[in-house]
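A.B. asks: In case you want the letters, here they are:
Number of protein chains: 4
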Amino acid sequence: MSDKLMIGGREFQSRFILGSGKFSLELIKAVIEHGEAEMVTLALRRANAGGEENILDYIPNNITLLPNTSGARNAEEAVRIARLSRELGCGEFVKVEVMSDSKYLLPDNYETTKATEILAKEGFVVMPYMYPDLYAARSLVDAGAAAVMPLGSPIGSNKGLSTKDFIQILVDEIDLPIIVDAGLGRPSQACEAMEMGVDAIMCNTAVATAGNVALMAKAFKQSIEAGRNAYLAGLGRVLEFEGEASSPLTGFLEG
Amino acid sequence: MSDKLMIGGREFQSRFILGSGKFSLELIKAVIEHGEAEMVTLALRRANAGGEENILDYIPNNITLLPNTSGARNAEEAVRIARLSRELGCGEFVKVEVMSDSKYLLPDNYETTKATEILAKEGFVVMPYMYPDLYAARSLVDAGAAAVMPLGSPIGSNKGLSTKDFIQILVDEIDLPIIVDAGLGRPSQACEAMEMGVDAIMCNTAVATAGNVALMAKAFKQSIEAGRNAYLAGLGRVLEFEGEASSPLTGFLEG
Amino acid sequence: MSDKLMIGGREFQSRFILGSGKFSLELIKAVIEHGEAEMVTLALRRANAGGEENILDYIPNNITLLPNTSGARNAEEAVRIARLSRELGCGEFVKVEVMSDSKYLLPDNYETTKATEILAKEGFVVMPYMYPDLYAARSLVDAGAAAVMPLGSPIGSNKGLSTKDFIQILVDEIDLPIIVDAGLGRPSQACEAMEMGVDAIMCNTAVATAGNVALMAKAFKQSIEAGRNAYLAGLGRVLEFEGEASSPLTGFLEG
Amino acid sequence: MSDKLMIGGREFQSRFILGSGKFSLELIKAVIEHGEAEMVTLALRRANAGGEENILDYIPNNITLLPNTSGARNAEEAVRIARLSRELGCGEFVKVEVMSDSKYLLPDNYETTKATEILAKEGFVVMPYMYPDLYAARSLVDAGAAAVMPLGSPIGSNKGLSTKDFIQILVDEIDLPIIVDAGLGRPSQACEAMEMGVDAIMCNTAVATAGNVALMAKAFKQSIEAGRNAYLAGLGRVLEFEGEASSPLTGFLEG
Chain R
1 MSDKLMIGGR
11 EFQSRFILGS
21 GKFSLELIKA
31 VIEHGEAEMV
41 TLALRRANAG
51 GEENILDYIP
61 NNITLLPNTS
71 GARNAEEAVR
81 IARLSRELGC
91 GEFVKVEVMS
101 DSKYLLPDNY
111 ETTKATEILA
121 KEGFVVMPYM
131 YPDLYAARSL
141 VDAGAAAVMP
151 LGSPIGSNKG
161 LSTKDFIQIL
171 VDEIDLPIIV
181 DAGLGRPSQA
191 CEAMEMGVDA
201 IMCNTAVATA
211 GNVALMAKAF
221 KQSIEAGRNA
231 YLAGLGRVLE
241 FEGEASSPLT
251 GFLEG
Chain L
1 MSDKLMIGGR
11 EFQSRFILGS
21 GKFSLELIKA
31 VIEHGEAEMV
41 TLALRRANAG
51 GEENILDYIP
61 NNITLLPNTS
71 GARNAEEAVR
81 IARLSRELGC
91 GEFVKVEVMS
101 DSKYLLPDNY
111 ETTKATEILA
121 KEGFVVMPYM
131 YPDLYAARSL
141 VDAGAAAVMP
151 LGSPIGSNKG
161 LSTKDFIQIL
171 VDEIDLPIIV
181 DAGLGRPSQA
191 CEAMEMGVDA
201 IMCNTAVATA
211 GNVALMAKAF
221 KQSIEAGRNA
231 YLAGLGRVLE
241 FEGEASSPLT
251 GFLEG
Chain H
1 MSDKLMIGGR
11 EFQSRFILGS
21 GKFSLELIKA
31 VIEHGEAEMV
41 TLALRRANAG
51 GEENILDYIP
61 NNITLLPNTS
71 GARNAEEAVR
81 IARLSRELGC
91 GEFVKVEVMS
101 DSKYLLPDNY
111 ETTKATEILA
121 KEGFVVMPYM
131 YPDLYAARSL
141 VDAGAAAVMP
151 LGSPIGSNKG
161 LSTKDFIQIL
171 VDEIDLPIIV
181 DAGLGRPSQA
191 CEAMEMGVDA
201 IMCNTAVATA
211 GNVALMAKAF
221 KQSIEAGRNA
231 YLAGLGRVLE
241 FEGEASSPLT
251 GFLEG
Chain S
1 MSDKLMIGGR
11 EFQSRFILGS
21 GKFSLELIKA
31 VIEHGEAEMV
41 TLALRRANAG
51 GEENILDYIP
61 NNITLLPNTS
71 GARNAEEAVR
81 IARLSRELGC
91 GEFVKVEVMS
101 DSKYLLPDNY
111 ETTKATEILA
121 KEGFVVMPYM
131 YPDLYAARSL
141 VDAGAAAVMP
151 LGSPIGSNKG
161 LSTKDFIQIL
171 VDEIDLPIIV
181 DAGLGRPSQA
191 CEAMEMGVDA
201 IMCNTAVATA
211 GNVALMAKAF
221 KQSIEAGRNA
231 YLAGLGRVLE
241 FEGEASSPLT
251 GFLEG
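Taken in sequence, the protein lines are chains R, L, H and S.
For the first sequence, the positions run 1 to 255 when the UniProt record's numbering is used.
For the second sequence, the positions run 1 to 255 when the UniProt record's numbering is used.
For the third sequence, the positions run 1 to 255 when the UniProt record's numbering is used.
For the fourth sequence, the positions run 1 to 255 when the UniProt record's numbering is used.
If a hint is listed, it holds; no wrong ones were tucked in.
Note that identical chains are pooled: a pair holds if it fits in a single copy or bridges any two copies.
Computed cross-link-like contacts, EDC-like style, restricted to lysine to aspartate or glutamate with a CA-CA straight-line distance of at most 20 angstroms:
| id | residue 1 | residue 2 |
| --- | --- | --- |
| 1 | Lys-103 | Asp-175 |
| 2 | Lys-103 | Asp-165 |
| 3 | Lys-4 | Glu-38 |
| 4 | Lys-121 | Glu-77 |
| 5 | Lys-22 | Glu-33 |
| 6 | Lys-4 | Glu-36 |
| 7 | Lys-164 | Asp-101 |
| 8 | Lys-22 | Glu-36 |
| 9 | Lys-22 | Glu-38 |
Source of the hints: derived by calculation from the structure; they are not laboratory data.
Everything numeric in this text was worked out from a predicted model, so none of it was measured.
With the sequences and hints as input, model every part of the structure.
C.D. replies: Next up, the structure:
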């Protein structure tokens with residue numbers, strides 16, 4: 001079957017985007033392999049041009065890098081980080097993250113949209129991290145985003161789909177890939193999001209804090225495929241009680 | 001890895017038990033293949049010795065049959081059906097179901113335990129369908145059950161793990177395979193049960209009512225494996241807010 | 001309006017039964033007053049005939065005492081405690097609790113039913129604490145119970161209505177007062193149970209562990225009345241999106 | 001106790017704001033009385049200066065009117081409606097609603113903030129209906145809002161607190177009254193919001209669609225007071241299992 005995800009003109013088999021922020025460099029390769037991820041985020045500060053260890057040495061060549069603008073507190077800072085990233089050879093993809101709030105690390109939709117507009121015009125494939133507000137998502141479409149990445153619940157909370165009803169609205173109304181990012185703590189939650197018609201999942205904390213990191217990456221991969229297949233298969237309905245009687249025993253015993 | 005499920009001295013790779021009650025016979029083979037099920041339930045009335053179509057002709061030889069006592073309203077009827085099943089060549093495994101209530105189709109733990117005791121003494125591998133009550137589960141252990149099959153939520157309701165807190169108690173306290181049976185409507189719910197440490201899942205309605213039955217069987221298989229792997233990997237914890245600050249942008253830009 | 005609760009031939013205005021197990025004696029009176037409770041449980045060990053402080057001195061005369069059989073591990077022990085209670089002058093009402101499990105403190109439905117049958121024949125007004133199993137509830141009806149007291153979630157857990165789907169079944173099928181007991185940690189959970197058609201609520205831990213115990217008792221009282229009124233008023237339905245458009249602005253501005 | 005709600009310099013005993021949009025005029029008075037509401041919303045189109053029936057004739061004098069800008073699709077329209085409302089004698093209070101989306105009727109935070117800023121400068125007491133986004137709430141504070149009214153779930157859905165985690169953030173971070181508006185379908189949901197520390201509740205559909213409208217208004221009033229009292233009393237904690245053993249029976253029986 002050719003059920004592929006298209007972002008920025010590139011084709012992906014995998015619908016699991018791996019956040020690399022909390023791994024030791026030694027683990028990244030194994031996690032990518034077990035998770036069969038094809039796109040991996042990258043905080044620029046880990047891709048220094050300097051002499052030290054460089055995360056890029058640990059990521060296979062066929063992986064699409066998704067540098068993020070982690071640390072940006074407004075649109076201007078996000079734009080600067082994105083440009084630096086491209087200069088450093090990290091490619092055209094960028095995950096725009098703007099958080100002026102340092103307690104809850106919630107995305108600032110307004111600044112995010114401004115940065116998205118600027119970067120899209122400069123030829124970036126912009127994937128903004130956002131708070132799932134329908135109006136903001138529409139503005140991001142207008143601004144030239146290549147996908148939208150609504151949060152499932154506050155980052156690092158592992159709470160799952162706190163924003164479920166509003167992500168469903170984005171799935172139904174926004175004509176871009178919807179990628180749930182942040183807050184998913186268990187594979188079952190990733191599966192649930194995919195069952196709703198979400199296009200892909202990004203995950204970091206839940207994998208990074210597992211006892212066996214590589215095996216958890218595999219679990220997420222499997223659950224994401226399961227959810228996608230369930231969505232494609234068409235879920236049955238939740239039924240009310242209807243006394244769906246098995247045929248009576250007597251009929252059988254006497255039959 | 002040798003993570004196998006043992007029931008009645010038999011070893012299973014698959015943790016997905018397929019209920020066959022609502023399929024057309026033509027579909028069963030495809031569903032078993034896509035779901036990679038190794039155990040399939042069977043209502044005796046579909047395994048008639050007579051001249052008509054026989055479900056057994058559609059189930060591959062390497063599959064363990066799990067005849068159920070569907071239709072039994074008390075222990076005595078369940079015992080009669082189980083014996084008939086063995087005489088008809090359906091093997092030693094039996095899923096004991098006793099439901100005197102015809103509206104909610106809830107299992108009657110008391111009658112179920114009586115039937116389990118009788119059948120276990122006759123050499124059956126008894127897997128009782130039960131309401132997840134800790135005391136009843138202990139009685140079933142004493143009665144010789146080979147596994148216990150607590151319901152997730154009322155049969156056919158697709159509501160998922162309504163009984164979650166009590167199934168967790170069974171997982172923690174009962175030293176037999178715990179198989180969640182009934183009520184799971186989506187792969188994410190099966191995954192969630194497996195993440196809790198449940199040993200296997202039985203599913204019928206959710207697969208049978210899907211748009212694409214074989215693909216949904218595959219989705220359940222994948223989600224069950226995902227949940228099992230997550231359990232083995234060790235889930236990370238749900239965290240409270242802790243201001244897990246990314247390193248400040250300024251440090252990076254000036255660095 | 002004459003919406004009264006009848007138990008054992010006695011009429012109650014209040015649908016809030018107060019568990020007294022975790023209070024200092026000094027607080028009980030205030031809690032009863034603020035909660036406007038008319039029935040209060042009593043562990044026999046706090047109603048000693050001896051010279052020390054006696055809880056009965058702190059409970060107003062118009063309150064119906066509900067001695068419980070706390071500590072009983074089987075039917076026989078429960079029966080002994082109940083009889084002692086009556087001899088000590090605590091009246092005809094008794095809450096039968098039998099828990100052989102000391103970890104989760106779950107009620108043992110089988111032993112509870114046996115004790116209920118014996119005590120009902122001896123003229124007690126028996127209110128058994130139970131695990132919400134439809135079959136067990138029916139057995140308790142047959143055994144002569146005056147009400148059934150299903151647990152909402154494991155005692156002391158404050159988790160609310162973990163057993164919601166099964167309590168609804170009791171409400172719909174059992175022709176006795178249904179009193180949710182154990183596990184309710186917040187007034188909103190008591191309200192939710194009452195909205196479902198439950199007849200009364202028993203609560204102890206949530207009140208006893210509040211910062212202001214008397215005010216929390218009042219909060220439970222109010223929420224229970226709110227839930228009862230909502231049930232009587234008839235809840236509106238949860239609607240799907242239907243574009244319930246306000247009349248257009250233009251019409252107004254030009255009108 | 002002097003636990004009062006202050007909005008725009010006015011003091012309220014009641015924390016229940018009644019939406020009047022879906023009532024027949026005959027019912028409003030009874031609903032206000034049973035709900036003990038002190039503030040009632042008003043769509044301008046129902047307050048015509050013309051000769052027909054005027055909703056203002058049905059609302060007691062001591063009630064604070066809260067005209068809304070229902071129908072506004074952008075800031076400019078909201079401002080026009082608010083000014084008209086003041087000219088018609090509906091007072092200084094205004095609930096700013098701006099919805100350009102006509103399917104889900106979600107508030108447009110950006111346009112809402114613009115309107116809030118203009119109207120606050122003109123001396124209105126502005127209570128904006130909003131999507132619960134922390135950044136938007138901060139902008140509304142800066143714009144001069146007198147309270148913020150985040151939605152609980154999509155309007156008319158009766159789904160309760162879909163946005164719970166994000167409303168909690170507003171409660172913790174925003175130094176204005178937080179009023180949950182829209183989506184609450186049952187008193188228990190209003191109670192739950194109040195337990196979290198929300199300052200008031202606005203409700204319309206759930207009351208208007210009840211079987212007995214006045215009794216449901218009373219149920220909401222009671223549940224809101226219950227939730228407030230629980231918040232003030234200090235909720236106990238949800239505990240893990242801890243084997244909180246009752247004192248052993250033997251001790252009692254032998255004592």
